[in-house]
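Novice: Start from the sequences and build out the full structure, keeping to the hints where you can.
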Amino acid sequence: MQQHATIAETSFIRDADLRPARRPRGRPIHRILVSFSAAYFAGALVTDTLYWRMLDVMWERFSIWLITAGLIMGGLAIIAYVIDLVGGRRIDRPAWPRVIGYAIAVLLALTNAFVHSRDAYTAVVPTGLMLSALVVIVLVLTALVAGALTNRHRFGV
Amino acid sequence: MMHILKNARSAKLPRLAALLVAGLGLAGCNYEGGDPRKEIGANPPLPALQQYLVPPIQIARVAAWGNETPAVPQGLQVHALATGFEHPRSLYVLPNGDVLVVESNGPKPPINRPKDILTDWVTWFAGAAAKGGNRITLLRDSNGDGIPDLRTVFLDHLNSPFGVALVGNDLYVANTDAIIRYPYQEGQTSITAPGTKLTDLPGGPINHHWTKALLASPDGSKLYVGVGSNSNITENGIGAEYERAAIWEVDRASGAHRIFASGTRNPTGLAWEPETRKLWAVVNERDEIGPDLVPDYLTSVQDGGFYGWPIAITASISTRGSSRSDPIWWAKRSRRTTR
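Taken in sequence, the protein lines are chains A and B. With numbering that gives the first Met the number 0 applied, the first sequence covers 0 to 156. With numbering that gives the first Met the number 0 applied, the second sequence covers 0 to 338.
Derived CB-CB ranges, DEER-like:
{"id": "1", "chain 1": "B", "residue 1": "Pro182", "chain 2": "A", "residue 2": "Val124", "range": "50 to 58 Å"}
{"id": "2", "chain 1": "B", "residue 1": "Trp64", "chain 2": "A", "residue 2": "Ala41", "range": "53 to 61 Å"}
{"id": "3", "chain 1": "B", "residue 1": "His156", "chain 2": "A", "residue 2": "Ala41", "range": "50 to 58 Å"}
{"id": "4", "chain 1": "B", "residue 1": "Asn95", "chain 2": "A", "residue 2": "Val124", "range": "56 to 64 Å"}
Rather than coming from a laboratory, the hints here were simulated on the basis of the structure. For every residue, glycine included, the Cβ atom is placed at its ideal position computed from N, Cα and C.
Specialist: Rendered as structure tokens:
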């Protein structure tokens, strides 16, 4: 019993030791915005799938508004990120896997917004639906890959 | 089959490239139309179908004529009969030579998608968003010198009027949502009498193609109405297209109507061919799949004919006006691409 508690304590201390010496001040705003945009893009995949199965234009309209909202949030996130980065506050250095992954997702979503602006069926099936799925896949992969990389080194989160 | 497969594969690469290029905001390919001299005859070639990210839009710049006039052959002359109208959209000449100018524009379209905001802006730039007068102005040129000596407000407080037709002493005005009948005596310069509704027409709430062209049959018993579709290509749902994209035949005595011809996306002009006495129509076809696709057309209209929208793309006169409206029959005959 005694031994068990000691191990837990040790691992906690080791963890704490690996934190960067210079801690960024404050909480980066862009992370909240990124979460919002990711949720909007994931929502668009759901409504796209519903349109594909039901062919009710209501779902197609949900999709394009969700993608637009995601792009607005994404745009704000990029602005907030650049401000934090240039100002040197809150962020140490760019986490490149995250930045590149997210940039690809936003560019795909932008293309998807144009595809979704077509009229009727071809606004979604098949290109729009495929792009919506691709955006979500890129976002998930980015989170997994970048998460694995950044957690190991404990920087640039 | 092999031919189709080969085409499909070769089409993929440019499409992917266009996707990437346009994604970076550098869109631009195949924006020019084909040679108009080739696009005539009974079976004109159709260009390949394009799926754009940013469809080509050429905005006509709004410019006043000033002192300029169109150049015409010797012996003829062109000059403005009158100016200063509020969005004049159609003309009707009364039997005594009085000219009716219908000053009108459509109701403000709803914003259903982000694209509608951009479309509004583009159409505003082209002057299409100007406020309509919702009235009909009468011009009278008694001495025939080309300068009207009388200009009066003939009918006021209308609802996006477009078509006008006179049968005897009954003057019909096709508002965007109803045909209204007014009493008219020859020589009258203004109508103050309240109108009587003959029948409702498909109007709001979307009312994408709002103009209602109007034509009376030679014997005056029927009225023909051009009713445009409620969308470019059914993007507002097929339910919004009920009795639209069609030419109506309205019984003048009862106001009852039937669909005379369907599949005519936006029949903006109707007329009788004087020799064959057949109904003809100009039809505005769909946008955003290429500069020359789908071609707008002028056609004679068959009773019960179906003209393609929204299921088929064809330029062939043999298929246009077919009594068939089942998609599979059309799919076999419409040509999506031609060489």
